[in-house]
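Participant: Chains as they are written, first to last, in our numbering: chain A, 1 to 223; chain B, 224 to 465.
Keep in mind the hints are simulated off the structure, nothing from the lab. Quantities reported herein were computed from a predicted structural model and do not represent experimental measurements. All residues carry an ideal CB built from backbone N, CA and C; glycine is no exception. Any given hint could turn out to be false.
[To be verified] These stretches of chain B come out as covered by chain A in the derived footprint (C-beta under 8 Å, 3 or more residues):
(1) 356-362
(2) 371-382
[Stated by the list, open to error] List time: in silico DSSO-like cross-link candidates among lysine-lysine, alpha-carbon distance up to 30 Å:
(3) A/K206 - B/K368
(4) A/K158 - B/K446
(5) A/K158 - B/K449
(6) A/K13 - B/K368
(7) B/K448 - B/K368
(8) A/K158 - A/K206
(9) B/K448 - A/K158
(10) A/K206 - A/K13
(11) A/K158 - B/K368
(12) A/K206 - B/K339
(13) B/K368 - B/K449
(14) A/K22 - A/K158
(15) B/K448 - B/K239
[What the hints assert, rightly or not] Far from chain B, by Cβ distances over 12 Å, these chain A residues were calculated:
(16) E14
(17) R20
(18) Y31
(19) F65
(20) A93
(21) T119
(22) M122
(23) N124
(24) P130
(25) L133
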Amino acid sequence: MPLLRQIYLLLRKECILEFRVKYMLQAVLVYLIGAVLITYYAFYGRSGDLSPSTWNAVFWILLLFSSLNAAARSFLLERNERFNYYYFVTSPAAVILSKQLYNFILLTIMTLIGFAAYTLWMGNPAQDIPMYLFILVLGSATLSAALTLIAGIAAQTKHSMTLMAILSFPIVIPLLMLLLRVSRQALDGLDRSVLWDDILLISGIKLILVGVSFLLFPYLWRN
Amino acid sequence: MFQPLFRHSSPFAWWKLLSFVLLLYACVMGFLGNVPRLAILNETIRNLYFHVPMWFSMTLFLFVSVLYSIAYLRNPSLRNDTISYSFAVSGMWFGILGILTGMLWAKFTWGTWWTKDPKLNAAAIGLLMYVAYMILRNAVEDLDKSARIASIYNIFAFPIFIALIYIMPRLTDSLHPGNGGNPGFNTYDRDREMNLIFYSSIIGFMLLGVWMTTLYIRLQEWKNKKDLYTKEPVTHESSLGN
Chain A
1 MPLLRQIYLL LRKECILEFR VKYMLQAVLV YLIGAVLITY YAFYGRSGDL
51 SPSTWNAVFW ILLLFSSLNA AARSFLLERN ERFNYYYFVT SPAAVILSKQ
101 LYNFILLTIM TLIGFAAYTL WMGNPAQDIP MYLFILVLGS ATLSAALTLI
151 AGIAAQTKHS MTLMAILSFP IVIPLLMLLL RVSRQALDGL DRSVLWDDIL
201 LISGIKLILV GVSFLLFPYL WRN
Chain B
224 MFQPLFRHSS PFAWWKLLSF VLLLYACVMG FLGNVPRLAI LNETIRNLYF
274 HVPMWFSMTL FLFVSVLYSI AYLRNPSLRN DTISYSFAVS GMWFGILGIL
324 TGMLWAKFTW GTWWTKDPKL NAAAIGLLMY VAYMILRNAV EDLDKSARIA
374 SIYNIFAFPI FIALIYIMPR LTDSLHPGNG GNPGFNTYDR DREMNLIFYS
424 SIIGFMLLGV WMTTLYIRLQ EWKNKKDLYT KEPVTHESSL GN
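Next comes chain A alone, as it looks inside the complex (with noise of 0.2 Å):
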C-alpha cells in the first residue's frame, strides 16, 4: 500500500475513533476555555490594563499547556495489541506523520478556538489579525510536530504524564521563544516583511522536526 493512502487510512481511523469517543476533543477544549476564564478571573475583567505584550504572553502559556495535554494522550490510547497490529500492516512511517497531522489538526481547531474565547473575554490589541491567525497555525504545526514523538517516548513509561512535560519543556521552550517574538510583531502590526525571517527560521526547525521523527520513529516502535 502506498505511504499516503496508508496515512489517509489511519488518519481517518484516528478521526473516526475521535468522533466516537466525543469527550476527547470536548475535554481538550474545556480545559483551554477553562484556562482562559481563569485568567479572565485573575486579571478581574480588566483585561484593559494588559498591555499587548502581556496578553500574548499569558495566551501562548495558556496554548503551550493545553497542546502539551492533548498531544500527551496521542499515544496512550493505543494498547500494546494494537501496535502488533500495525506492525504487520503499515510502515512506521505512515504512523507518526499519520499522528503528527492528526495532532496539528486537533491543535489547529483547539488554538482558533481558543483564540475566539480568549478574544471574547480578554480583549483583542493584535493589529494584524489575519498574519497573527497564520502564526497560530504555524505554532499548532511547530507544536505538533515536536509534542508528537515525545509523546511516543513518554508513553513509554510508567509517569508518562509527569515525563511528558519534563521532556517537552526543554524543546519547546526554544520554539515558544521564537512565536512570542513573530506573534508580538504580528501584534504591533509591523510591516510583515520583518517577520519572514523568524517564519522561515521556525518552518525550518519544524521541518527538521518531523525529518528527525520519522527517522526515529522506526527505533522507537519497536517494542
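With the hints as your guide, set chain B onto chain A.
Facilitator: Okay, now just chain B, sitting in the frame of chain A:
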C-alpha cells in the same frame, strides 16, 4: 571514532601528556601573558582562555554522544549506550563550567551574576534538555528500553540544542562580547600570542575531557558488570510501563 583512544588506558599515553602540557602552558601564559587593552573587557579578556574552550568542548562531547546514540540504535550494544551516556555527562559538566566561568566574568564586567542576555538563557535551557535526558534514563528500569528511548531523545533534542545555542542568539542583540558592537573575540582583536594560548587551551581542555570520559566509561562498565552478577534480573512485569 574514539575507539583507539579507549584502548590506551595508560596514564602516560601521548595524548594525555599532550593535554597536560597544553593546559599547563595555557594556565601559566593565560595569567601571565600580554593581552591587548580593549574597552570594557580590559584584563577580563583572559577569561577567553577558560570560558570559550568549555563551550567548544561541550559541543564536541554532546556531538560524540549523539553519534554513539545513533550507533546504539543501529547496533544495540550496552557499550555504545555507555559511551553515549558518559559523553553526555561530560558535555553537561563542561556546560556547567562554561556557565560558571561566564557568570564570574559577568560579575566583574557587567556587575551582575545573571542578566537576561539571550546567550545566557539559551545556555540554561540547553542544559535543561540534558537534565531531562538524565531523568528519562532513570525513569525506566529496563536497561535496553532505557538506553533505546534515551538515545532517541538525545538525537531528537540535539538539532534544537544547536539551533538554540548557535543560531538563535545571533538573531537578537546581545551584550555578549562579539555581539551588538561590543568588542569581541574575533580574529582581528587577538594577536598571535593570544591565538596560540587560546588554541592550546581549546585542544588541552578537549583532550582532558576525553580523558575524564574514558575513565567514567570504564567505571560505568564495571558497574554494569557488577549489576549483571548481583542484581535481580528485571522481570517483564516490573518494566511494564505501558
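Participant: Quick one: which hint numbers does this structure break? Sort them smallest to largest.
Facilitator: Structure breaks no hint.
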